[in-house]
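Enquirer: Protein sequence lines correspond, in order, to chains H, U, W, Y, E and V.
First residue of the first sequence? That's 1 in the working numbering, and the numbers climb one at a time after it.
First residue of the second sequence? That's 1 in the working numbering, and the numbers climb one at a time after it.
First residue of the third sequence? That's 1 in the working numbering, and the numbers climb one at a time after it.
First residue of the fourth sequence? That's 1 in the working numbering, and the numbers climb one at a time after it.
First residue of the fifth sequence? That's 1 in the working numbering, and the numbers climb one at a time after it.
First residue of the sixth sequence? That's 1 in the working numbering, and the numbers climb one at a time after it.
Mixed in with the good hints, there may be bad ones.
[What the hints assert, rightly or not] Which residues of chain W face chain U? A partial, calculated answer using Cβ under 7 angstroms: (1) Pro67; (2) Leu156; (3) Ser178.
[As the list claims (entries may be wrong)] Pairs of lysine-lysine, DSS-like flavour, derived with a Cα cap of 27 angstroms: (4) W/Lys193 with Y/Lys221; (5) E/Lys226 with V/Lys226; (6) W/Lys193 with Y/Lys256; (7) H/Lys256 with U/Lys226; (8) H/Lys193 with U/Lys256; (9) U/Lys193 with H/Lys226; (10) W/Lys226 with Y/Lys193; (11) H/Lys193 with U/Lys226; (12) V/Lys221 with E/Lys193; (13) V/Lys256 with E/Lys193; (14) Y/Lys193 with W/Lys256; (15) V/Lys193 with E/Lys256.
Hints in this document: simulated from the structure, not taken from any laboratory.
For every residue, glycine included, the Cβ atom is placed at its ideal position computed from N, Cα and C.
Protein chains: 6
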Amino acid sequence: MSCRYLHERTTTAAADAFQQAEVAVLPTGSVEQHGPALPLGTDLLAARAVAETVGDHPDALLLPPIPVGVSAHHRQFDGTLWTDPETFESYVADIVASAAEHGVRKAVVVNGHGGNSEALRRAARGLREEEVAFAAPWNWWSNLDALIAEELDTSLGHADEVETSMMLAVAEDLVRESALEAAEDEGGDSWGKSIQGASVGFDAIDFTESGAVGEPTAGSKEVGEKLLAHATDDLAALVEWLAEQDVDDLWPRGHK
Amino acid sequence: MSCRYLHERTTTAAADAFQQAEVAVLPTGSVEQHGPALPLGTDLLAARAVAETVGDHPDALLLPPIPVGVSAHHRQFDGTLWTDPETFESYVADIVASAAEHGVRKAVVVNGHGGNSEALRRAARGLREEEVAFAAPWNWWSNLDALIAEELDTSLGHADEVETSMMLAVAEDLVRESALEAAEDEGGDSWGKSIQGASVGFDAIDFTESGAVGEPTAGSKEVGEKLLAHATDDLAALVEWLAEQDVDDLWPRGHK
Amino acid sequence: MSCRYLHERTTTAAADAFQQAEVAVLPTGSVEQHGPALPLGTDLLAARAVAETVGDHPDALLLPPIPVGVSAHHRQFDGTLWTDPETFESYVADIVASAAEHGVRKAVVVNGHGGNSEALRRAARGLREEEVAFAAPWNWWSNLDALIAEELDTSLGHADEVETSMMLAVAEDLVRESALEAAEDEGGDSWGKSIQGASVGFDAIDFTESGAVGEPTAGSKEVGEKLLAHATDDLAALVEWLAEQDVDDLWPRGHK
Amino acid sequence: MSCRYLHERTTTAAADAFQQAEVAVLPTGSVEQHGPALPLGTDLLAARAVAETVGDHPDALLLPPIPVGVSAHHRQFDGTLWTDPETFESYVADIVASAAEHGVRKAVVVNGHGGNSEALRRAARGLREEEVAFAAPWNWWSNLDALIAEELDTSLGHADEVETSMMLAVAEDLVRESALEAAEDEGGDSWGKSIQGASVGFDAIDFTESGAVGEPTAGSKEVGEKLLAHATDDLAALVEWLAEQDVDDLWPRGHK
Amino acid sequence: MSCRYLHERTTTAAADAFQQAEVAVLPTGSVEQHGPALPLGTDLLAARAVAETVGDHPDALLLPPIPVGVSAHHRQFDGTLWTDPETFESYVADIVASAAEHGVRKAVVVNGHGGNSEALRRAARGLREEEVAFAAPWNWWSNLDALIAEELDTSLGHADEVETSMMLAVAEDLVRESALEAAEDEGGDSWGKSIQGASVGFDAIDFTESGAVGEPTAGSKEVGEKLLAHATDDLAALVEWLAEQDVDDLWPRGHK
Amino acid sequence: MSCRYLHERTTTAAADAFQQAEVAVLPTGSVEQHGPALPLGTDLLAARAVAETVGDHPDALLLPPIPVGVSAHHRQFDGTLWTDPETFESYVADIVASAAEHGVRKAVVVNGHGGNSEALRRAARGLREEEVAFAAPWNWWSNLDALIAEELDTSLGHADEVETSMMLAVAEDLVRESALEAAEDEGGDSWGKSIQGASVGFDAIDFTESGAVGEPTAGSKEVGEKLLAHATDDLAALVEWLAEQDVDDLWPRGHK
């Protein structure tokens, strides 16, 4: 077994890894409803799959995936697990800070769940203010707008054709393809609900019955593999960019 | 003097107002750098101006403006005042909850500062979970994408042509028009800084020297008045929509 | 328009102001019942009126008024808004600390509401311990005992002749003079309720039906103008005293 | 040994005591400098002495004394112990709430330290809001203004003639009478330091070198015994007043 | 792929699982030094291995493993990751509470790290007090004292023969057997350091240089398999016992 | 009266004591049911009795006893008082930190209640991390396993023969010997309740009707005096060991 993850190494081997690596990579996901066709762990599985591609990258040090995130807005659907944003923020920040204590003070949080983003930004901001670590939150689809538009003629929804494609690429046996149609038929057209631009839909159940938003049936393994490949390249490039930065240049600038 | 604001009324008059009104309206702003041409209170002044247009609306009850918000990312520029997101969230939530205790349990937070949005969403979510109040956060530009694109061929930046226009419409004497060019010349092209889609610019100073992002010189009072008029209509419509809702229909739905 | 308040200035103008000024001045009020004759914002309006008199003082820098304070003990009366003492303390402390970050580390909190005092003392104590800022809390009536006794033969109650006088001086059109008698007739004689010296009245409603405590009808605009003039002088003197202090002499002394 | 304190009883005996008593009595003090002549535990010893006089009162149930309180403002003097106001508030509230759980929901906190008062008020307010307990904070000198004026021609300072008298009455062997003169000579004239009514002295050391404020040499055991006797009567009367109240009448009143 | 874990199921399949199962099973581990021979994730891998044995048990519902725990006392060794006890407690409690919201209110936390125990007890106590869930914390070795004594003539240390045996059984390829001798030679004899029974060793580094405590070389795969088998039986029995309990009998008893 | 306790000294005398002493000694107890025969304050009285034996030790400085601790698990029995673990932890930590501010940075917490232990460890860990103080928590029975086994052929339960013996030695008049038999007959055999090693008994009432666990009738004053003598020697030895340590050697070690 090759040791992709830090926790698979001994402390002695970890010492070498911290010596060599420049960037800690922490996958974060969620366990929340993704409609009747995709697994609850869709976001976790996608983040993990993308993150593992840098498991052997000399600049990267792969930390264990954080499974449960900020998902209270899906709580009415069976199986959704959630934690408070503050707890999630602290848990992530503590883990990144631990790695910093061993000498790797730059990090990428490879996130698979949009609902985690604000908590990750807060964690990152706090760690940077204290000059503990520079931890860039990065959603695996952050740089895929063009590809998604081109391949699927859409933008990201939830449990939609984008996520269906990704799951077909990374965990095909967990996708219940026969349920994709139901997901779509009883799904929502767009995320959220707004009146004059004000968001008045707080929970997924306010705007989707199946839990999905988008056109899950339009997904395909082929597109999923393209998404994965592109995300993988993006992550490697991001890790390499961070590896090149002097950490002192990443701390907050002083008063103007 | 007509009493637009709750705090201008006596408790006796307030009793009547709470009887009649359906929706509390709370303006929230910020005091933060808006480049060399616009006042620090730009977001506060805009929110206040828009909110005051419903001061006499029979469905609305106007609460006092909250001046300082979540602006730490502008702290390197002179004059920026900021508070923690948690404190801002609690302050807003407490005020909305107070109004609810007197019988008005629906609210619009008329927000003038994007940096406040996440804290407002958290406040709203918490108030809704506890069935204390339904407080929709609404940025005055939330429904103006099309108008902004049409009039100014852009989308919202910071201290840009949109905000310059708005300030020329609501507080012209506080705009230092002679500084608009400097604002633009030393300003940023777009908000934030990203690598492969990961945000690596946390503070305004990371991507703008003047503090502005956009083309402030392209602003005009004429456009500002259109923005204000449109926002005003949007707010009235939002207040009226909320007024028609049964508050019990606004609470979270139970488990599926 | 002259720029009395910081938020009316641009960041560039603010830079100059922070260079020149020595003392930040932050008005804090409340929005709480003041009986049937005085506006809910009495404390806010008074604090603001007093504070604005140093708007052009070369030593002073005027921060935006904080409207809502620690008023839960008035919550049974319509229109009262309140926040937790901790939230109020943090909000004030954050704002004063922001100004300190730009170089003005001495402050006066011009307070209009007795219920805020303890939270302001805690904020001040915390800022001083950390050597962030020296923020003296000051109620506008703090130095007026003699004047109040002389003019009105009383000491401060609530919504009483002192506050009625002040409101007649600073916001006459918001006073419902016809209701002063009712305020008095159904008001309390003295603040609180005690048994053998133990306070057993926690809320205003425990000892006043109208919300007032004292003799509101005894107030007059003429007295109000004297109060305002005296308070104004006091504030200027306080600002000047602080301006002369070396901030290092204001930090806590070391162990004896 | 007679069991004055709850903790001297077994759980079985306590069951009877909770059955019979109506009012829990909790002494709270401080361990803080009281100048060179009085013991650090002056406030604790006084509160304990007064509280113990109701140890056999059928309406009262005596809880163990809380020794350390809110005394950071004396921290520069050797031997002062202090805790955060929040911690003190929670500790007291938890203890009172425990007694309430066993059926005694009315309480007097017999307090010996002015610095504790605000935290005690907050504890009391919180317990009352939740309808857990009605816990009146009461300083042993709360009702002694007239007596103190008559006997000593003064009002309460710190480690002054009032406290010296009390200590001579309750713990004479802990008073170093030979040091009273030094306490007075290097002491302060009045508590605090103010400029235009604004408090600018935060710590005792800002206005007293010896730690005392007042005229300690004017104290006497005879006066102390009068103070103790009066305070004792006051406490009994307070306990009896509370015993007669129906607890439901003590909870907060609803909205007007 | 069979779906052992909840997150591998869709929300629809999860609905069935929550219908059938009685007990949620949550594995918790740590990522902390286990000397030069065992992987950092020893506790995580052991907890996961034991927990997965009930993946198909009809009474059980397997939640995703929580990787990082309360390990600050190992922080001086490379690779150790840790979080605050409060954060860990909240994270676990939130996850268990989520499952309870879907109808499964009994849980076993299958824990692999002694340092997590107190936080797990607190989480369990809190969930029980609120009658949210009954979540018994259980360390996989909790019932193995006799077996460990019999097979290895010892009791549990750290990274010792017990853990070495377990790792050889569940993740043999991650054990660096050649380093076992060094682990032992530079390891500690017993956990902690005490003087007259007082613990004065707070961190592992205070009493072990290699990170191990015990005799790692005495471990064997054969013993590990016995440990695993016994723990597996214990867990099944525990799950079955819980499945039989009426949840109402598990809530706290009322006052005696 | 000799001044055993710090609070019995003046600040001037305390200055000398802090000069001479090396170790602060803080007794912590509980007020919680100890069955029908032993006083609620058993743990407090025992801790106090042991701690007072170093009241005159030149290395020691005796702080006032903290009466109420972490005892919610006894709350169903009359008279039990309890506080949150966090509050207890903070209260103890603040007191120890106060002593440290006056120059004595080593401490022993002489604890009489097992339920306090975890909170004391957390307090100690926090104080050590911040290099404020080294505060070893020590239960008076920590080093008495052998003696207890030899004299009573048992290990510590609750309100059992060990505690009965100790109370007969330190507060004989508070023991209701006639109730010892009932304590035993309706008591539990062992502390807690477990299924396959998992603790499923959270409160004392889950496993004892009388509140006692063990054989209270087997206790004797003679054994109690031996326990006290041994504990006393242990404490003196612990104080002396700490007195000899250079505090810098007690702080956490740096990264390996």
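Enquirer: All hints are to be evaluated individually against the structure, with a verdict given for each.
Expert: Consistency of the hints with the structure:
1. Annotation: W/Pro67 was flagged as interfacial toward chain U, and the flag holds, the nearest CB pair being 4 angstroms apart, inside 7 angstroms.
2. Interface restraint check for W/Leu156: the shortest CB-CB distance to chain U comes to about 19 angstroms, outside 7 angstroms, so the restraint is violated.
3. At about 11 angstroms, the closest approach between the beta carbon of W/Ser178 and any beta carbon in chain U exceeds 7 angstroms, and the interface hint on this residue is violated.
4. For the given pair, W/Lys193 sits about 32 angstroms from Y/Lys221 by alpha-carbon distance, which is inconsistent with the 27 angstroms threshold.
5. Of the pairs offered as hints, the one joining E/Lys226 and V/Lys226 is violated, with about 44 angstroms between alpha carbons and a cut-off of 27 angstroms exceeded.
6. With a C-alpha separation of about 19 angstroms, the suggested pairing of W/Lys193 with Y/Lys256 holds against the 27 angstroms cut-off.
7. For the given pair, H/Lys256 sits about 35 angstroms from U/Lys226 by alpha-carbon distance, which is inconsistent with the 27 angstroms threshold.
8. Only pairs whose Cα atoms come within 27 angstroms are accepted, and H/Lys193 paired with U/Lys256 is accepted, the gap being roughly 19 angstroms.
9. Distance restraint check for U/Lys193 and H/Lys226: the Cα-Cα separation of roughly 26 angstroms lies within the 27 angstroms cut-off, and the hinted pair is therefore satisfied.
10. Pair hint W/Lys226 plus Y/Lys193 holds up; C-alpha atoms about 26 angstroms apart against a cutoff of 27 angstroms.
11. Pair hint H/Lys193 plus U/Lys226 holds up; C-alpha atoms about 26 angstroms apart against a cutoff of 27 angstroms.
12. For the hint linking V/Lys221 to E/Lys193, the alpha-carbon distance of about 32 angstroms lies beyond 27 angstroms, and the restraint is violated.
13. Restraint check for V/Lys256 and E/Lys193: satisfied, since their Cα atoms lie roughly 19 angstroms apart, inside the 27 angstroms limit.
14. Taking the CA atoms of Y/Lys193 and W/Lys256, the gap is near 19 angstroms; set against the 27 angstroms cutoff, the hint holds.
15. Distance check on the hinted pair: V/Lys193 and E/Lys256 sit about 19 angstroms apart at the alpha-carbon level, within 27 angstroms; holds.
Of the numbered hints given earlier, the model fails hints 2, 3, 4, 5, 7 and 12; all others are met.
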